[in-house]
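**Q** Protein sequences, first through last, are from chains A and B. For what it's worth, my numbering labels the leading residue of the first sequence as 1, then goes sequentially. For what it's worth, my numbering labels the leading residue of the second sequence as 1, then goes sequentially.
Since the hints were derived computationally from the structure, they do not count as laboratory data. Just so it is clear, the structure is predicted and the values come from calculations on it, not from any experiment. Wrong hints could be hidden among the right ones.
[As the list claims (entries may be wrong)] Computed beta-carbon distance windows for the label pairs: (1) B:Gly83 - A:Ala352: 39 to 45 angstroms; (2) A:Asn236 - B:Phe313: 45 to 51 angstroms; (3) B:Phe313 - A:Thr241: 33 to 39 angstroms; (4) A:Asn236 - B:Val61: 44 to 50 angstroms; (5) A:Lys204 - B:Ala174: 29 to 35 angstroms; (6) A:Asp133 - B:Pro54: 54 to 60 angstroms; (7) A:Lys84 - B:Pro220: 54 to 60 angstroms.
[Claimed, not checked] Calculated Cβ distances over 12 angstroms to all of chain A for the following chain B residues: (8) Ile81; (9) Gly82; (10) Gly231; (11) Val274.
Cβ coordinates follow ideal geometry from the N, Cα and C atoms, glycine included.
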Amino acid sequence: MQHPHLSRPRPSRPDRPRRRGWRASLALGATGVLLLGLAACGGDSEADSDGKITLTVATFNEFGYEELIKEYMELNPDIKVVQKKTGTWEEHRDNLYTKLAAGSGLSDIEAIEGDGMPAILEEADAFVDLTDDEVDGRWLDWKQKAGTTSDGRLIGYGTDIGPEGICYRADLFEKAGLPTDRAEVAKLFESWDSYFETGKEFIKKVPGTAWYDSSKGTSQAMINQLEYPFEDADNNVVATTNPEVKRVFDTVTSMQAAGLATNLDQWSNDWVAAFQNDGFATMACPGWMLGVIEGNADGVTGWDIADAFPGGGGNWGGSFLTVPAQSEHPEEAKALAAWLTAPEQQLKAFEAKGTFPSQVEALDDPVLTGATNAFFNDAPTGEILSNRAQAVTIQPYKGPKYADIITAFQNAVLRVDEGQESPDEAWESFVADVERIG
Amino acid sequence: MTSRPVLTPAGDTASSPAGVTPLSPLPDEPLRLTFRQRLSRWDVRFAPYLYISPFFLLFLVVGMFPLVFTGWVSVHEWSLIGGKGEFVGLDNYRAVFEDRYFWRALRNTVSIFLLSSIPQVLIALLLAGLLDTTLRGRTFWRMSILLPFVVAPAAVALIFGNLFGDRYGLINSALDVVGIDAIAWHVNTLASHVAIASMVNWRWTGYNALILLAAMQAVPRDLYESASIDGAGRVRQFFSITVPMVKPTLIFVIITSTIGGLQIFTEARLFDNVGLGGSDRQWQTVTLYLWELGWRLRNLGMASAVAWLLFVFICLVALLNLYLSRRIAGGVGRRVTR
């Protein structure tokens, strides 16, 4: 629009100087972004100016470490601890594997979810051997074993375990004419059959509210009661030939057809929103889930927890702390991990977020056994979860492909929920998916 | 008499203010050159290459090397953490072609690409056309359309995640008010593609509009004057002058949005929290598929094979688009083809 012979700035062309300002600010902005990028790249380097060692602790979900970390820094003034929190284990794991492959960028302590531990043990060389006489025997036998490689290296320090009860909405139970007292409710949840039957009764009385939160969660609870769900002791994949797995699949899909499920993807936005919308009345509820429910159902009254779990006991999840070999301060990180997973500290984490201790000494501590939870109608959560932990008789064997296979299994269940495939079709594609995983 | 900042051969005084000095052509070959004269000629001839060399050297390191290395990885068994295994030839490629999820990913990618790139370029063109008029506070308008581009894609995905909730999402609530059935954004294949494409469009339309606007500003105004004298309306002017005149830029925008559209990752990855593109891979794009192979199943060999296939595919589509857009956008605009 500028004619060459009119190059003298005139009032009729006011945009010229202005445009230069625009360009300058853009350049300034771009430089700023670049500088920010550089700063971000340099952000991870250790050793503050005052000579402090900085340790990073990467966790997902809720570990209840916020106060503990402050306490540790007070006890160790020359160490600064920074916690990096991620939403879900999946996201945390993706980050973990990316940086494991890159060989740098991991935190000094990385939390590992129990189901992901077998695959991590396969990469044991990338982690520091944390074996130490001082911590030997600190955890329940099966927990310590799950953090140990086949050649006896202890890679992960156990944090919590996930003994499951059933959490339920007493207010909705009342609406349906069901008992609300937790001792009476517990009788309804003795077996899967009675649990599902009660559910069928419930949905008749309270239309618009499902019985349980998600088919994914319910099927996972059932899978966790199998001894060798997807792989046998030699890590051969048996997922698609194991009749018990098929039985779980058939049960969950038929209950979905009966209308007991929300048909929501667990952990999705809709699932989170369902807590606020009377979306469902019960859910399988390991200790660490208490904190999740309390967060998602903020403002909702009526949650309670029953001292029962269908089909005996069940353990869902529970995590480990590991120290990647790429850490620049493996000794300090190991010390911190040992401190965080000591019984005394785990008890405090339990008080904060309901993460149930995996440490033997903590199990009969009055802090644990006497714990109550105001959000869950002052339920004696410590005692209930202790009972639930004792009811766990089977620890499912999890091989290196467990995590990939259960993802495929839950996707198959979800496809039925969403009405994309019939149960038969979903099972067939699950079989194909397992073959693909190899 | 064009005032467009036409590229002139480097070395002559191209930057003289708005063409006041005429372009000085290179002198004809004199009989003998002094050393200084020769130096100056070399300067003219070779200096430009020196100036652009940093880019190409850098490209060699961060562009070419990874490309070739990916090819090397793709013909080996290669685990994410364990590293290189045996040489397997084209087995990884075969495995990819035999995987039904690869074909599904390809379908999703093409569908999301079409749903994003086409509306994106068209809306950007229209927006640019509107912004090229005399608006009050035009810098404000021009900057505002760039605003979505500044927001981090992850934040966009979070916000749109709330909009596109299947049950409690804002859009479905709004549809409910009007009496339309809720749309299963995370179940229905096409619906999920539309949702993801809308995130992509929201982010890139303004950016493309700004690029096109820059080109439109360089269109000589006397063309419009002549056209109005000849009785052409604004719409006719837009299609007969603006669009053909900005064709080179339009092609640039189409090619870059092709490349971007075929590599959509963040929006699809964050559309649910599992990140595999849905329970039935309804919205798993090729990049997401690549990432699943490499980082979930930890098979970098196959992932690299997918990377190469995607590269070839993008080149093909980009060439096709170049051909199509040259044909469609009319005959003028030969100018920047040199």
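**Q** It remains to establish, for every hint, whether it holds in the given structure.
**A** Each hint tested on the structure:
The hinted window of 39 to 45 angstroms between B:Gly83 and A:Ala352 holds, with their beta carbons roughly 41 angstroms apart. A:Asn236 and B:Phe313 have their C-beta atoms about 37 angstroms apart, which leaves the hinted 45 to 51 angstroms range violated. Roughly 38 angstroms separates the CB atoms of B:Phe313 and A:Thr241, a value that falls within the hinted 33 to 39 angstroms. Distance hint check: the CB atoms of A:Asn236 and B:Val61 are about 45 angstroms apart, consistent with the given range 44 to 50 angstroms.
A hinted range of 29 to 35 angstroms holds for the C-beta pair A:Lys204 and B:Ala174, which are about 32 angstroms apart. In this structure, A:Asp133 and B:Pro54 meet the distance hint of 54 to 60 angstroms, their C-beta atoms being roughly 57 angstroms apart. Between A:Lys84 and B:Pro220, the C-beta spacing of about 56 angstroms keeps the proposed range 54 to 60 angstroms intact. Consistency note on B:Ile81: stated as away from chain A, yet its beta-carbon is not over 12 angstroms from all of that chain's, at 5 angstroms minimum.
Distance check on B:Gly82: its Cβ comes as close as 8 angstroms (rounded) to a Cβ of chain A, failing to clear the 12 angstroms threshold; non-interface status is violated. With 12 angstroms as the threshold on Cβ separation, the claim that B:Gly231 sits away from chain A holds: the shortest Cβ distance comes to roughly 22 angstroms. Not every Cβ of chain A is farther than 12 angstroms from the Cβ of B:Val274; the closest lies at roughly 6 angstroms, contradicting the non-interface assignment.
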